[in-house]
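K.L.:
Residue numbers (our numbering), protein chains in the order written: chain Y, 1 to 161; chain G, 1 to 679.
In short, the hints are calculated from the structure, not lab data. Since this is a predicted model, take the numbers as computed values, not measurements. All C-beta atoms in this analysis are idealised placements derived from N, C-alpha and C, irrespective of residue type, glycine included. You may find that some hints are simply not true.
Chain Y regions said to be covered by chain G (calculated; three or more residues, Cβ under 8 Å) [said to hold, decoys possible]:
1. 19-28
2. 126-134
3. 151-157
Below 20 Å or equal to it, Euclidean Cα-Cα: the simulated EDC-like pairs (lysine to aspartate or glutamate) are [stated by the list, open to error]:
4. Y:K151 to G:D207
5. G:K453 to G:D484
6. G:K531 to G:E240
7. G:K188 to Y:D140
8. Y:K151 to G:E159
9. G:K628 to G:E648
10. G:K273 to G:E262
11. G:K399 to G:D624
12. G:K68 to G:D425
13. G:K188 to Y:E137
14. G:K188 to Y:E144
15. G:K573 to G:E648
16. Y:K151 to G:D281
17. G:K573 to G:E597
18. G:K37 to Y:D134
19. G:K37 to G:E511
20. G:K188 to Y:D147
21. G:K444 to G:D526
22. G:K37 to Y:D118
23. G:K678 to G:E595
24. G:K573 to Y:D28
25. G:K37 to G:E6
26. G:K37 to G:D22
27. G:K453 to G:E504
28. G:K188 to Y:D9
29. G:K453 to G:D32
30. Y:K111 to Y:D70
31. G:K628 to Y:D43
The chain contents come next:
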Amino acid sequence: MRIVAVDPDACVACRDCEYACAFRQSGDFARSASHIRVNFYADERACVPLTCMHCEDAWCLAVCPAAAIDRDPGTGAVTIDATRCAGCKMCLLACPYGNIHFNAETGVSAKCDLCGGDPMCVRACISGALRYVDAEELADLRREVVDASLKRLLRLSKGVR
Amino acid sequence: MQTGPEIRHSLCRMCDDRCGIDVHLEDGRIVDILGNKEHPWNRGRLCVKARAAVDMIYHPDRVLTPLKRTADGWEQIPLDQALDEIAGRLADVRDRYGARSIGVWKGEAIGFGQQETVARRFAHALGSPNYLSNDSMCYVGRYMGFTLVDGAWPIPDLENARCIVLWGANPPYAHPNMTQYITAARRKGATLVVVDPRMSAIARRADIHAQVRPGTDGALAWGLVRQFVEMDAYDKDFVEDHTIGFAKVVDYARTFTPEMVEAETGLPAATVKAMARMMADAAPRMAAYVGNGLEHHENGVGNIRAIAMIDGLLGALDREGGTLFKEPAPLRDLTLYDEMPLRHLSPLGTDRFPVLYDMRQECHTMTAMEAILSDEPYPLRALVMTGANPASTNPNSPKVLEALRSLDLLVVRDLFMTETTAVADYVLPAASFLERTELHAHAKHQIVSLTDKVVSWSDVQGEYDFWHDLAVRLGIGEYFPWEDETALNRWLLEPTGLSLETLEAHREGVEYSPPRVGRRRQAGFDTPSGKVEFASAYLKDLGYDELPVYHRPAYRREPDAARPFVLMTGARKLLYLHSRFRNIPRFRTAIPGPEVEMHPDDAAALGVADGDTIRLTSPIGAVDLPVKVVAENEILPGNLQVTHGWREANVNLVTHDDRFDPVSGFPLMKSIEVSVQKV
Chain Y
1 MRIVAVDPDA
11 CVACRDCEYA
21 CAFRQSGDFA
31 RSASHIRVNF
41 YADERACVPL
51 TCMHCEDAWC
61 LAVCPAAAID
71 RDPGTGAVTI
81 DATRCAGCKM
91 CLLACPYGNI
101 HFNAETGVSA
111 KCDLCGGDPM
121 CVRACISGAL
131 RYVDAEELAD
141 LRREVVDASL
151 KRLLRLSKGV
161 R
Chain G
1 MQTGPEIRHS
11 LCRMCDDRCG
21 IDVHLEDGRI
31 VDILGNKEHP
41 WNRGRLCVKA
51 RAAVDMIYHP
61 DRVLTPLKRT
71 ADGWEQIPLD
81 QALDEIAGRL
91 ADVRDRYGAR
101 SIGVWKGEAI
111 GFGQQETVAR
121 RFAHALGSPN
131 YLSNDSMCYV
141 GRYMGFTLVD
151 GAWPIPDLEN
161 ARCIVLWGAN
171 PPYAHPNMTQ
181 YITAARRKGA
191 TLVVVDPRMS
201 AIARRADIHA
211 QVRPGTDGAL
221 AWGLVRQFVE
231 MDAYDKDFVE
241 DHTIGFAKVV
251 DYARTFTPEM
261 VEAETGLPAA
271 TVKAMARMMA
281 DAAPRMAAYV
291 GNGLEHHENG
301 VGNIRAIAMI
311 DGLLGALDRE
321 GGTLFKEPAP
331 LRDLTLYDEM
341 PLRHLSPLGT
351 DRFPVLYDMR
361 QECHTMTAME
371 AILSDEPYPL
381 RALVMTGANP
391 ASTNPNSPKV
401 LEALRSLDLL
411 VVRDLFMTET
421 TAVADYVLPA
431 ASFLERTELH
441 AHAKHQIVSL
451 TDKVVSWSDV
461 QGEYDFWHDL
471 AVRLGIGEYF
481 PWEDETALNR
491 WLLEPTGLSL
501 ETLEAHREGV
511 EYSPPRVGRR
521 RQAGFDTPSG
531 KVEFASAYLK
541 DLGYDELPVY
551 HRPAYRREPD
561 AARPFVLMTG
571 ARKLLYLHSR
581 FRNIPRFRTA
591 IPGPEVEMHP
601 DDAAALGVAD
611 GDTIRLTSPI
621 GAVDLPVKVV
631 AENEILPGNL
641 QVTHGWREAN
651 VNLVTHDDRF
661 DPVSGFPLMK
671 SIEVSVQKV
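When you get a sec, could you build the whole thing from the sequences and use the hints?
P.N.:
Shown next, in the form of structure tokens:
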């Protein structure tokens, strides 16, 4: 299955992805409505984009007493059926990454559904930090980032000329 | 109008990057806009501005009928009546004061392409040399700086670079999809240096964030030059074969020791050395890009020229991974500068800023305001502008308003009512980028594309139709023989050998010639000497510095004790472009209003916190703004930043329309001395 892979080393915390997701969820640009969150830590100059990984063994899915959480057969996305959700918030507690949100207005939980297979966050990611890729590709992508970091370090440590 | 679901392809013009877009329609109405995956520039990705064009196009406040100012306010009038009356009043001005008392002005609010040349053609056909635009406040300073050195503004080959250096540029907000290319290079191990007084979005990813004091970039550039010479790291063959002025450069650079650079810029000497090593190590695959941050200073062009020299010194010019010289699309030229030169009519600002007219055939907008108010050197009595909002975006807004108000005739074509339409005599509805069809050349990929007219409104004219109809009424219709914009596009395209039909079938663009690397090294550079000009005889003859001599910013040279803060203005925000888009509700949700960015130490010393209002006062005026305290490393102590374009707090109340870069004529807008009071 394909997931939204995040690369903090490329993210600039521009928030295009948050606005794109918020717009899909709510028709507005309030960050609170977005399922993808980008945290920026100025002191560390760190940008941390985080969104649902659609775990193979999804604790949110397992814990849901209303059986409102299921896996989409087409995309493999772990999705919430808002009409079944009882608003008990067990899934929020179960998710180790904080990727499920509770919508106080509707009284139900909400999360990334991969936009049915064309995630808007990826379409709006102008740095390329977000990529919609096969899970099998993840290791290669990660290695590419690590290799690049090592190349930079090695070059800089050579004490050029 | 079409019915049913449909996707049309075009280019986004919400900023100037011209990303490929898929426009989704239902029953002839645009319902969504997504990135075109076939387009070589954005490859399917798109910032959220583009998608929100839907909101702009169907905005309830769109101007969709011609408006005439009357004693009782705005009156809606038919388009023909508006054009008849405007032509009549322009003819009166022409008869009374001469054609040069009429100016045309293009802005960016509708996204400009070939329409600029239609406006230029109209002015010359009418007999006026006075073409004005926003370019004389953005872009031209860099165009000049690089062209003076390299004969063109070359394009950095970011994705193939081993080191990328951004000077006063923040691509994620200003050229969003350029960020993809930086990421691609970094994923191959490239290093990134960002020179910026603020920690911009892209600086968050920098290996070195060179946080220099505003306007001191030239000192850093000279310091790097000195290091390259000291390290023996410059490209001797390139310097020998392709440059002039190297001995003078070496001589002048001598005093720019890392310690001297530290004293001037605030950047530690060790960082200057590290930056030089990083760039030299990557050479010749060192790609630099300069942003608007360097233009709005009294030493802008000099600083940019100094930076441009580095490409030549490191042998990065005309080389993969360095900078590339692209061939322009062989489109026909619509302007009449060759057929009907009008320089003898003294285009406004030419005497003081001759290079601006020489290189760009631009008049100086600040000088135009003086001319309107003083009738010197001659009267400027009428202006016709499209998509321009100088009452918000030019420096010293009150004076701009006073000048525009005193015109005999001001005609503004725009999508919305603006600060400038508030003093217009006529407001005409302009066509947005999805309401007209035009040709665009993407130099980076050497492709030409044709945009699609997806929406039409009955009284909304495209640029060509407007200038054509006005020209016919003024007796200069012979210069506008094309039936409509499509006929014009066909004529413009002819020399490429491509047909409009081909472009219609490939909206993502068609290559007009294959990019070639090394052509300039072979054929010579497009400068007066044919070499890369570290020293410019052209500038020397005009009385300017031959070398890009470093001039300290005024706030460093002779600081004004009464105005201890240095204000930068105009840093781009993701969702806004100059004075545009403040009326898009979803943007307001995300970025609700103006603010002044301040260092925590300054906030503590002033006793202010987030949201407190302070007053900034310069010799020009004052403006009140809420404070935004940023992180310690996001701005330097003593510096402030305010983004322009907010009606509720217009920072151009304090910007200078009386202090300029001597070469480009760009106003001082990014190192303004101000005092700060808590309100």
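K.L.:
The structure should be examined with respect to each hint, and the outcome stated for every one.
P.N.:
Now the hints, each set against the structure:
Residue count for the region 19-28 of chain Y with a Cβ under 8 Å from a Cβ of chain G: 5. That meets the three needed, and the coverage hint holds. Figure legend: the region 126-134 of chain Y, annotated as covered by chain G; annotation consistent (4 residues with Cβ-Cβ distances under 8 Å, at least 3 required). Only residues whose C-beta sits within less than 8 Å of a C-beta in chain G count toward coverage, and the region 151-157 of chain Y has 4 of them, enough to reach three; the restraint holds. As the CA atoms of Y:K151 and G:D207 are separated by approximately 13 Å, the hinted pair is consistent with the 20 Å bound.
Our distance criterion of 20 Å between C-alpha atoms is met by G:K453 and G:D484, whose separation comes to about 13 Å. Between G:K531 and G:E240 the alpha-carbon distance is near 10 Å, which keeps this suggested pair within the 20 Å criterion. For the proposed pair G:K188 and Y:D140, the alpha carbon gap of about 13 Å is at most 20 Å, so the pair holds. The suggested pairing of Y:K151 with G:E159 holds, with an alpha-carbon distance near 16 Å, which does not exceed 20 Å.
Distance restraint check for G:K628 and G:E648: the Cα-Cα separation of roughly 16 Å lies within the 20 Å cut-off, and the hinted pair is therefore satisfied. Proposed proximity of G:K273 and G:E262 is supported: the alpha carbons are some 11 Å apart, at most 20 Å. A C-alpha spacing of about 18 Å is found between G:K399 and G:D624, which places the hinted pair at or below 20 Å, so the restraint holds. Distance check on the hinted pair: G:K68 and G:D425 sit about 6 Å apart at the alpha-carbon level, within 20 Å; holds.
Only pairs whose Cα atoms come within 20 Å are accepted, and G:K188 paired with Y:E137 is accepted, the gap being roughly 17 Å. Between G:K188 and Y:E144, the direct Cα distance comes to roughly 8 Å. Compliance with the 20 Å bound is thereby established for this hinted pair. In summary, the hint linking G:K573 to G:E648 is supported, as the alpha carbons are separated by about 17 Å, within the 20 Å threshold. Restraint check for Y:K151 and G:D281: satisfied, since their Cα atoms lie roughly 13 Å apart, inside the 20 Å limit.
This hinted pair checks out: G:K573 and G:E597 have alpha carbons roughly 12 Å apart, not beyond 20 Å. Taking the CA atoms of G:K37 and Y:D134, the gap is about 19 Å. The hint holds against a cut of 20 Å. Only pairs whose Cα atoms come within 20 Å are accepted, and G:K37 paired with G:E511 is accepted, the gap being roughly 17 Å. Annotation: proposed proximity of G:K188 to Y:D147 holds, straight-line Cα distance about 8 Å (limit 20 Å).
At roughly 18 Å between alpha-carbon atoms, G:K444 and G:D526 fall within 20 Å of each other, so this suggested pair holds. Between G:K37 and Y:D118, the direct Cα distance comes to roughly 12 Å. Compliance with the 20 Å bound is thereby established for this hinted pair. Distance hint between G:K678 and G:E595 is fulfilled; the C-alpha atoms sit about 14 Å from each other, no more than 20 Å. Proposed proximity of G:K573 and Y:D28 is supported: the alpha carbons are some 18 Å apart, at most 20 Å.
The suggested pairing of G:K37 with G:E6 holds, with an alpha-carbon distance near 17 Å, which does not exceed 20 Å. Between G:K37 and G:D22, the direct Cα distance comes to roughly 9 Å. Compliance with the 20 Å bound is thereby established for this hinted pair. A threshold of 20 Å between alpha carbons decides the hint, and for G:K453 with G:E504 the separation of about 11 Å falls inside it, so the pair holds. Taking the CA atoms of G:K188 and Y:D9, the gap is near 12 Å; set against the 20 Å cutoff, the hint holds.
About 16 Å separates the Cα atoms of G:K453 and G:D32, which keeps this hinted pair within 20 Å; it holds. Restraint check for Y:K111 and Y:D70: satisfied, since their Cα atoms lie roughly 12 Å apart, inside the 20 Å limit. Under the criterion of a C-alpha separation no larger than 20 Å, the hint pairing G:K628 with Y:D43 is consistent with the structure, at around 17 Å.
The structure fails none of the hints (numbered hints given earlier).
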